[in-house]
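Work out the full structure: start from the sequences and follow the hints.
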Amino acid sequence: MTAEELASFRAEVRAWLEANVPRGWRSAMTNAPQEAFVALQRDWFHKLVGAGLATPHWPAGWPGGGRSLAEQKVIFEEIARADAPRLILYFVSLYHAACTLFECGTEEQRDRYLPGILEGAVWCQGFSEPNAGSDLASLRTRAERRGDRYLVSGQKIWSTMAQYADHCLLLARTSSEGPPQAGLTYLLVDMKSPGISVRPIHQITGDDEFAEIFFDEVEVPVENRVGEEGGGWAVAQATLASERGLTLVELSARLAHALPRLGRALRERGLAEDPGMRRDLGRLAARVAAARALADQYLERRIAGRERVGDASLVKLHYAVVLREFARLGLRFGGLPAHRDRGFVRGATQETGHWVLDFMNSYNWSIAGGSNEIQRNIIAERLLGMPREPRTWRLEEEA
Amino acid sequence: MTAEELASFRAEVRAWLEANVPRGWRSAMTNAPQEAFVALQRDWFHKLVGAGLATPHWPAGWPGGGRSLAEQKVIFEEIARADAPRLILYFVSLYHAACTLFECGTEEQRDRYLPGILEGAVWCQGFSEPNAGSDLASLRTRAERRGDRYLVSGQKIWSTMAQYADHCLLLARTSSEGPPQAGLTYLLVDMKSPGISVRPIHQITGDDEFAEIFFDEVEVPVENRVGEEGGGWAVAQATLASERGLTLVELSARLAHALPRLGRALRERGLAEDPGMRRDLGRLAARVAAARALADQYLERRIAGRERVGDASLVKLHYAVVLREFARLGLRFGGLPAHRDRGFVRGATQETGHWVLDFMNSYNWSIAGGSNEIQRNIIAERLLGMPREPRTWRLEEEA
Amino acid sequence: MSEYREELRASARKVVEDAGTPASEGAVWPVAVELGWLLTTLPEARGGLGLGWGDAVVLHEELGRGLAGAPLLSAALAAEALAGAENEAGASWLERLLAGEPIAVPLADGALAAEGDGLSGRLEAVPSAAGACALVAWTEGAEALWLIPRDAPAVAIETPPYWDETRAWCAVELRGVPRSAAVVLARGERAARLVEALTVRRALGIAADAVGGGAQLLELTLEHLRTRRQFGRPLALFQALKHRVADLATELAAAEALLHEAAAAVDAGRADAFRRAWEAKLVATAAYARCAEEALQLHGGIGMAVEHPCHLFLKRALLDVELAGDPESLALAVGDAVLREAG
Amino acid sequence: MSEYREELRASARKVVEDAGTPASEGAVWPVAVELGWLLTTLPEARGGLGLGWGDAVVLHEELGRGLAGAPLLSAALAAEALAGAENEAGASWLERLLAGEPIAVPLADGALAAEGDGLSGRLEAVPSAAGACALVAWTEGAEALWLIPRDAPAVAIETPPYWDETRAWCAVELRGVPRSAAVVLARGERAARLVEALTVRRALGIAADAVGGGAQLLELTLEHLRTRRQFGRPLALFQALKHRVADLATELAAAEALLHEAAAAVDAGRADAFRRAWEAKLVATAAYARCAEEALQLHGGIGMAVEHPCHLFLKRALLDVELAGDPESLALAVGDAVLREAG
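Chains as they are written, first to last, in the working numbering: chain D, 16 to 414; chain R, 16 to 414; chain P, 4 to 346; chain C, 4 to 346.
Source of the hints: derived by calculation from the structure; they are not laboratory data. Among these hints, one or two may not hold up.
[Claimed, not checked] Derived list of chain C stretches under chain D, where covered just means 3 residues or more per stretch with a C-beta under 8 Å from a C-beta of chain D:
1) 222-229
2) 237-251
3) 279-292
4) 322-336
[Stated by the list, open to error] Counterexamples of contact, computed for chain P against chain R with all Cβ distances above 12 Å:
5) 34
6) 37
7) 42
8) 94
9) 179
10) 246
11) 249
12) 254
13) 274
14) 289
We put the beta carbon where it would ideally sit given N, CA and C, even for glycine.
Written out as structure tokens, the structure is:
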């Protein structure tokens with residue numbers, strides 16, 4: 016696609032979004048019940064699917080599919096620019112589940128699940144466990160083979176909106192032999208199976224967009240396995256790589272578009288004439304511009320096939336750091352009044368202008384999906400060539 | 016000593032300093048040659064010794080000696096308040112050498128060296144080595160016993176004003192058996208001994224207050240050993256603890272007294288009306304006040320016998336961090352003009368108002384005397400009870 | 004350090020620990036009254052212990068440690084105001100306070116004006132005002148210091164939804180409270196001096212809350228690092244994390260030292276007492292906020308769930324930054340003091 | 004990314020590496036002239052390559068990497084000014100520049116005024132002015148853009164003792180240089196546009212210097228950590244240090260991305276080009292300064308000796324912060340742009 020074609024595609028997407036983004040969704044979603052949010056997500060999902068804007072990353076032949084990464088980038092940028100709701104409820108379905116099926120699923124699995132995704136089936140992800148943190152290799156949920164089924168028992172945590180999910184992408188341990196990654200197997204689990212219970216996590220923000228999932232001898236047919244038994248780790252890597260940097264292109268663009276909210280906060284507190292405050296706003300704006308440029312550059316690199324191991328960590332770490340700086344400045348500009356503002360916008364991001372909430376939500380990026388500390392390890396070891404810590408490193412009394 | 020007596024002692028010291036601090040020494044020492052500086056140090060040393068203010072920490076019976084830690088604190092505070100020159104040339108003599116002799120020396124050694132110190136003999140310290148950094152246990156300068164002498168060969172670095180020294184406190188390796196600390200021996204070395212050469216280090220500031228010392232089969236009589244052969248590590252600890260926190264009481268007080276220099280820098284650049292700049296100055300002033308309070312509290316704890324292992328590290332780390340913040344704000348307030356200001360004040364500290372110089376000199380506190388990183392290790396392990404890293408921890412290919 | 008100080012600390016720690024975290028107002032306040040904590044800084048002539056804020060801050064450190072909800076800072080400020088009132092105007096109210104009826108003082112700067120016959124304005128961040136028998140507040144510019152009985156006409160008390168729920172935050176709206184229904188505690192020079200004394204002590208109290216809360220949160224975090232394992236070893240073995248907690252410990256130690264120095268300056272009536280109090284509050288609340296920010300990161304996901312107390316410390320720490328004087332204004336005041344020294 | 008860009012980078016890197024660190028003016032300038040680097044951004048109509056600053060910044064990154072002393076940024080700005088001059092006023096001077104005679108442009112905002120018959124003022128941070136054949140500068144408010152021949156009357160050139168000695172810093176004092184001795188390159192609207200173009204490109208050039216210098220200094224530091232041992236293991240095995248270099252790499256990567264984004268905005272004449280250029284300069288010089296500050300710490304004592312190049316990077320990094328627009332003013336300009344967006 017030439018630069019002109021891309022520009023005309025952008026104009027098309029922009030026009031469609033201007034006509035279709037639900038008017039006033041931010042105020043409608045402020046302090047709204049979870050159900051209203053789910054209804055909004057459904058409507059918006061079906062609109063986007065109908066316009067072919069939800070599945071640009073699917074292969075050609077599928078509705079909306081066959082778009083280049085450059086076109087996908089345009090869509091994400093325009094969604095951020097239009098301040099559309101984030102498609103939180105369907106992200107796992109459209110990206111994690113679909114890409115896993117395209118890359119590692121069987122034809123039967125694709126035929127069985129992909130049409131449902133387009134119709135609005137909700138998927139959740141069952142990777143994280145309590146006490147595993149960023150160390151996925153240490154997962155303990157077990158799947159035992161019994162004839163043509165697996166029996167799954169264990170507990171998953173931090174699963175986004177699992178309470179609404181129809182299916183789950185599950186990473187479970189089928190063996191404890193060998194290196195810890197080697198015993199993991201990847202399963203597709205029907206969330207209506209007997210033995211599954213879901214408990215929303217009461218978050219410190221008052222939200223409950225994450226849930227715990229408990230598996231008590233849940234039967235999963237062998238044909239629901241993706242990849243080989245013991246090959247789950249590699250499949251999970253494909254799942255996690257599915258959004259290919261697009262999310263951070265969108266989020267850093269949203270951060271840039273949200274800067275005026277800080278300006279308005281200054282005005283509201285009568286501080287807009289203060290040069291010190293205005294300079295601090297300018298310094299943050301420069302940092303946000305850098306975060307956005309880094310995310311964009313990363314996607315350009317992927318498009319050009321020049322990505323290096325560790326590049327993704329640079330983008331995620333930098334975004335998480337700048338997001339925290341944004342939230343900190345919001346707290347400062349918001350002052351005392353921010354502390355009695357419990358306004359809560361569902362489906363928004365971490366820069367809603369409700370500063371205490373935003374500050375807490377900023378941890379979703381510094382902890383989840385590989386904490387800042389993990390990203391620093393990866394950058395140091397994989398990108399900068401610092402040596403890894405020895406695997407045998409234990410407390411002296413344990414050694 | 017009661018609070019009243021202490022107050023009257025303070026008044027006395029203050030009056031003496033007001034009458035005796037060399038007038039205009041800062042301008043006289045700005046861009047002065049090293050020799051002029053040495054002359055100033057000598058004069059000031061003799062004046063202080065004469066007034067009994069240089070040796071308050073020496074035992075009673077010695078001139079000026081027998082003062083309590085509380086009185087010593089008063090002297091250091093008043094010296095900072097009076098903005099007297101720092102006694103850089105004699106600090107090792109008065110503190111490190113004298114305290115080592117008092118605590119670990121023989122009577123013969125004390126008789127031989129202490130009167131000389133009062134008369135102005137200059138001592139230097141030979142602990143650090145190239146490639147040893149903060150890891151003193153790894154020292155490689157060797158002392159081989161030959162009858163009633165040691166033959167010393169090796170290289171020491173970062174020795175303050177060694178080019179003017181008459182004697183050296185040397186830590187050398189007499190054995191490579193056992194744990195690395197165990198093979199160290201403490202020697203008193205005459206700097207006029209054949210085989211010694213001294214090379215000033217050209218520092219990045221343009222100064223050369225530090226030097227390297229090269230030892231080429233230097234003969235040191237066995238009677239110049241302090242403590243047992245192999246017992247040098249413990250003696251060196253006594254040396255390093257000799258100033259007992261007084262230096263940081265003085266330096267953090269000097270930092271507080273130097274804050275107005277930042278205010279003047281703002282005025283000179285026409286920024287004194289800017290509320291942002293004034294707030295940043297206020298925030299730094301608060302940090303400096305905290306550094307000073309911490310140093311004072313530490314000394315009070317020593318006076319009360321309530322010091323905990325690791326407390327000294329808190330004080331040093333915090334001072335180094337705040338000093339750097341001071342220097343950074345100086346650079347900011349100084350702006351472009353600071354970069355063509357090569358003014359250089361000998362015998363001052365790290366807050367001379369020559370901001371680029373001050374910034375560089377601030378590393379004397381974050382690197383030397385146990386780097387910030389070493390202090391953090393000590394705080395984490397000794398004060399907070401975090402486990403130590405295993406001693407067996409090596410690169411995998413080395414393990 | 005006085006022996007009483009260490010006894011007070013031990014006693015307070017026990018009360019607060021027994022009350023759990025967060026230590027509820029109901030569990031702490033009656034014991035505090037019973038144990039005479041309200042008497043700490045009250046002059047001996049008023050039946051108090053006549054101790055200084057060097058001792059009082061120890062109490063507030065311990066209350067901060069346990070995230071206590073009891074309005075003891077507010078009570079101490081009220082006692083200060085009542086004991087310093089002209090014409091014994093506050094005597095009967097002081098009795099009620101010492102008997103255990105809270106009197107509330109705003110912990111943030113509000114906007115109160117005496118207009119015509121009435122007092123009007125809105126006072127924010129007034130702890131436990133709903134259960135108090137009265138409110139002590141001052142008109143802008145410290146022209147006068149007032150006591151307004153809870154049941155005076157035109158007093159409306161709201162409970163805004165503060166994120167920090169460990170303290171019972173209220174807002175008080177005065178909509179033309181008749182002067183006759185309120186008590187003037189002081190006017191003119193005396194009011195100015197009293198208000199100065201209150202704002203300085205308020206800053207010390209919040210700084211102490213921060214020092215105590217930070218210390219306790221650091222302990223929780225250290226415990227987490229010691230027990231939580233990742234990649235087959237305790238987090239406490241990761242040097243990067245060790246260095247970060249070392250930095251937190253350093254900042255908190257410095258904040259504590261400055262707090263005690265500032266309290267000593269206030270007790271001695273030193274000329275630099277104001278500046279030290281603002282500095283102590285700035286440093287302590289910044290250290291607490293930093294500690295809370297880092298603690299949440301170091302706890303990982305577990306800290307994001309309400310079951311874990313991490314967030315209670317965080318929300319209180321972030322609010323403390325804004326209490327007892329807007330931090331931007333305090334920093335400006337300190338900076339200007341330095342500029343004045345610069346001549 | 005253009006192929007030319009990568010070739011330019013490789014070629015510049017080789018020239019600069021061959022010249023050693025710091026790469027001296029004498030070793031780089033003649034080669035730069037010979038290889039046609041001065042032609043990079045010159046319009047094709049003027050015999051240049053007509054490439055954009057997206058390409059030019061690559062060159063300045065490489066010069067920054069080698070701490071090069073050659074005044075190529077100044078030359079590129081001079082070429083831009085001469086090529087954009089009205090009435091071909093600058094044509095003969097452009098020829099002299101392309102033939103290898105440097106023309107100097109101040110890299111900091113100076114104070115030049117046209118008073119009566121003469122030009123007066125002091126221009127700071129003018130690189131290599133002593134060896135230049137002329138100076139290009141603008142009067143305050145961008146009223147006019149001037150070329151002042153080196154040998155014009157009343158031109159005094161000083162060499163203030165800048166801490167950064169890798170570049171040949173001069174100050175130029177104009178003490179009533181007769182207008183007749185100077186050349187007006189542009190006035191009015193045209194001057195305003197040209198000066199805008201120069202200040203934006205100057206910011207890109209300094210940002211590029213910072214990005215290149217930071218990258219090279221990070222490499223030196225990584226090498227030090229890999230080879231230097233303490234407590235029996237290489238420093239590179241200490242996680243706390245690994246995390247710190249990871250942070251530096253992240254900041255530098257973001258600065259580099261923003262630099263290229265800003266250069267693209269400038270080349271495309273986008274409306275946000277200014278803001279991007281200021282942002283790029285702020286971010287890049289802050290990242291360089293932070294990298295230099297950390298590098299000196301991570302090098303330990305060895306970095307404090309003049310033999311080690313660490314300090315050359317530090318002094319250049321700290322100076323870059325102050326060049327191409329005072330950072331406080333740039334931050335204010337960006338902040339105000341955000342405020343305008345806030346409506």
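Query raised in the report: Against which earlier hints does the structure fall short, listed by number upward?
Result: 10, 11, 12, 14
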